[in-house]
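Undergrad: Chains as they are written, first to last, in our numbering: chain A, 627 to 1178; chain B, 627 to 1178.
In this list, chains with the same sequence are indistinguishable; a pair is considered to hold if it fits within one copy or across any two.
Dumping the calculated DSSO-like pairs for lysine-lysine here, alpha-carbon to alpha-carbon at most 30 Å:
| no. | residue 1 | residue 2 |
| --- | --- | --- |
| 1 | Lys-1096 | Lys-898 |
| 2 | Lys-659 | Lys-1046 |
| 3 | Lys-804 | Lys-949 |
| 4 | Lys-1096 | Lys-1166 |
| 5 | Lys-859 | Lys-894 |
| 6 | Lys-1178 | Lys-949 |
| 7 | Lys-808 | Lys-949 |
| 8 | Lys-1166 | Lys-642 |
| 9 | Lys-642 | Lys-1178 |
| 10 | Lys-1166 | Lys-898 |
| 11 | Lys-642 | Lys-808 |
| 12 | Lys-927 | Lys-822 |
| 13 | Lys-1112 | Lys-1166 |
| 14 | Lys-1007 | Lys-949 |
| 15 | Lys-927 | Lys-1166 |
| 16 | Lys-675 | Lys-894 |
| 17 | Lys-804 | Lys-1007 |
I should point out that these hints are in silico values taken from the structure, not numbers from a laboratory. In this text the structure is predicted, and so the values were computed from the model without any measurement.
Protein chains: 2
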Amino acid sequence: MGLFEKHQDFLNDAIKALHERNFYAAYPEFPSKEIYGENADADGQEFFKKSFGKRFEELKSDGAEGWVGGEESPYLGDKLGISYPYFSSDDLIAKAETVSEIWRNQSPEDRAGILIESLEGMRSRFFDIAYATMHTTGQGYMMAFQASGPHGADRAMEAIAAGYEELKRFPETASWVKPMGKYEIRLRKSWIAQPKGISLVIGCSTFPTWNSTPGLYASLITGNPVIVKPHPKAILPMAIVVAEIQKTLRAAGLPEEICQMAPDTLEKPITKELAENTSVALIDYTGGPSFGDYVEGLSGKTVFTEKTGVNSVILHSVDDIEKVAQNLGFSIALYSGQMCTAPQNIFVPKEGVATPDGHVSAARFAEVLKDSIKGLVENPKAGPFVLGAIQNENTSNRVKQFEAGELVLEDGEIENPMFKNARTLSPKVVLVNTSDRERFSEELFGPLAMVIETQNIEESIELAADLAKKHGAISCGAYTSDNNVKNQIMNRMASSFTPVSFNLTGNIYLNQHAAFSDFHVTGGNPAGNASFTNPEFVIKRFVWVGFREPEK
Amino acid sequence: MGLFEKHQDFLNDAIKALHERNFYAAYPEFPSKEIYGENADADGQEFFKKSFGKRFEELKSDGAEGWVGGEESPYLGDKLGISYPYFSSDDLIAKAETVSEIWRNQSPEDRAGILIESLEGMRSRFFDIAYATMHTTGQGYMMAFQASGPHGADRAMEAIAAGYEELKRFPETASWVKPMGKYEIRLRKSWIAQPKGISLVIGCSTFPTWNSTPGLYASLITGNPVIVKPHPKAILPMAIVVAEIQKTLRAAGLPEEICQMAPDTLEKPITKELAENTSVALIDYTGGPSFGDYVEGLSGKTVFTEKTGVNSVILHSVDDIEKVAQNLGFSIALYSGQMCTAPQNIFVPKEGVATPDGHVSAARFAEVLKDSIKGLVENPKAGPFVLGAIQNENTSNRVKQFEAGELVLEDGEIENPMFKNARTLSPKVVLVNTSDRERFSEELFGPLAMVIETQNIEESIELAADLAKKHGAISCGAYTSDNNVKNQIMNRMASSFTPVSFNLTGNIYLNQHAAFSDFHVTGGNPAGNASFTNPEFVIKRFVWVGFREPEK
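Sequences and hints are given; from them, build the entire structure.
TA: Take a look at the structure:
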């Protein structure tokens, strides 16, 4: 049985899920022993410990110019000392070109089979990836497991399903019979989905697999060889993924160079060299807006970006203000706000938020929010694990130095019981008004939230929509029990191409975007031009080319 | 019965045709009296005569700043004197913004119903449009009828079908039920296809409706208001189409400004003002490459272009060299080569084209081609009608002045029995070799073909593929009975994203791209970045935006 046949039902389920958009987890998200095996977690810890200070030998390293690496653990406060085979950009491009025809000539079925098989390999490494992710990004264990493991694999599977569906959208051949009165013209036509060329996937330091697997698998399923350029501070998680892909390719008798890893260092980056190479046709990018704008500005490339945005919450009327504050407090604290979907600006109208017990002013809501965050942060069984660690010192410094309006909750280090040297920072909350627009128009990545008093609900909506349009937004929360206000919010945020989560309380948060259901980033505002995974995300990676000839 | 119900079966047939890619003519292409009515042709002539020197009163003209027009008939050698209501770009944009919400809020069903109804209106004007097209573009009567009428309407219907299908691709709402062990989280999710914004459709002077209806209807079906900016020398054909759309909108109780006409003059063009306006989100452009590059370079816009290319024919082995020359001769002569799909470069290997009677050299083939073209051009019952007239004097001048290699067939004026003042030019044919590469690398729009002697078939293929990659190509012809050579051509031309027609003889030509079957322009090489009508052509005009809330 071939790999396609082996995984065909799974693929069909995924395609179905893509269209139903109900809950679907291709890979179970809970790190359960029943699902992943009794020793999986311990093996993952062991793998991580053994990797320390060594060469990562799983990637194809023939002809490597050297070994590089500069990762540091935000938990350990120390270098990992892991090194990876280094190749020059010219070498990487030349190898990708050499194998491009081989990969292009695989059928969509064969490519799908191989790629899903590689996800089985990734599945067997979910705990290795989890520890690798913790100790590069600073994510808490649970998020590191879920986001980098099952959710990352889900997003990959989603891209495979979407790509496969598009590749099969039109018939491979058709008889074209044109009636001409007394006779007819008959042509045999055929079409191929020609891959655009070499694909470059540029990773980020906070979600190294989740943000990179969609582009990686979308490019591969549509026939493009891929070069993965991880963030120099978060190489290991993707190194494992790429190693598993290379293993599957090798087992299928194909060259590993169809998917290459291109590690570099902060001191000698190779991203621009790769991105500007004329052979690179596709670029996926996740990261800061200034490099993102550079990537989007490269001519002759098809580019998919996720940059950052200014995410808003609009408060109007709620049943239970405490529950709302708990939900938002968790959203702000989760991974110390180092998520592109984390809320930053919370707009409260001057008259306050309507509740069954009367109106709650912005100042009062800021206090309730403070209490909710403090309750979470100071709970030793929850706080350190929800917050995780700060990936980059600059993030800590920016939050620490931030001043605006009235300080409601000061940021601070919190102790992590497992990692004494962890770089931590609990959220800062400030109370401002609309005269501080300049301050809340910036994207302030990290544990920082602003409660902003506005004139009225209309101004709240206008500000949220306008910030999204000008600076981008990936998420938006809104709380209202008034249908008119709800429609107004939907209408205005839709104009700014921003999704909205209404009235979330309990264990579901506006930061979460589920594969097979939520399109992540709309692609319509400055937060990014691509969306996981809408049809555009796969279609733009290949070109339909037709052939025709007289039918015999 | 609503308009959607009225046209639902027709729409379903069109969607089916889009996927089967067999022959499908939504609108019959033959100007038959049985189909279009006994007096339709006479009425069309009458309409055109009556339009002369008058205001075109069918477009909404309230608040027009004046009336403009500068069309000239390449057949009559005279100005048409027709004028159209002129609005400033600011006025056009402001009006489009005013109506955008109204149009966006129409359901996909309502938009489809209205747009198909407008095509019924266009159908009733096919002969008006045919004469309008003849006397602006110089096309022969039959082409003017077919291309601007039924084929233009087919391409519009294709865009409606493709757009409607994409808009219905995902459910409007879904229940998202996530199992959480002892309980479950339930969200009600919904998605809308948010139109990107104001759409600008920039027309060309040679195929004013065929090249503009796809973008126009693709933008409208996906909810974007459209401003049609016709070429100043070919306004009337699109004025009729837009008038019919406005009529249908009015009858449906909707503002005509959902589809506006923006005529201008060569002396005072407004295209750049419109294109650069920040409210314009979508631009469709057909025309020359330099303005096309400018449009593609505008930042923050979603752009669809069809520019021009250097189309090649590769000769290797044929059954009947005369039949091949007849077919190619017709392709070169048709509308005097003023087609973006017309062949320009014919590559013949040094050893000649293999035929059952031995090899035919490049020089010999040039002679056979010359005879075929002369036979067609000098046939008074065919020549003038196949050639039509030259739209732009620059085209004539360029061909007349062109010199390279050995002159095989001199261009010349030919007499049109119906129009004494017609600006005509029969094809020029030259014989060159690969040292003249600089000459045959230019796109030489108009009646001009080069027979090029190459070292061997491999060089022919490389040149064709390389020119397509560097300068763009929209079509390619190839003649071979050798399967290896065929595969080599498919492989290399696919790498340059160029479709190939093999071994065409008889009444089917490489210039012809049929709606619902042939993707016109692949979008992968410099000849243009868009394709009629692949899914990308419609998907990029809107953005999926999701909403979610707890399910009650």
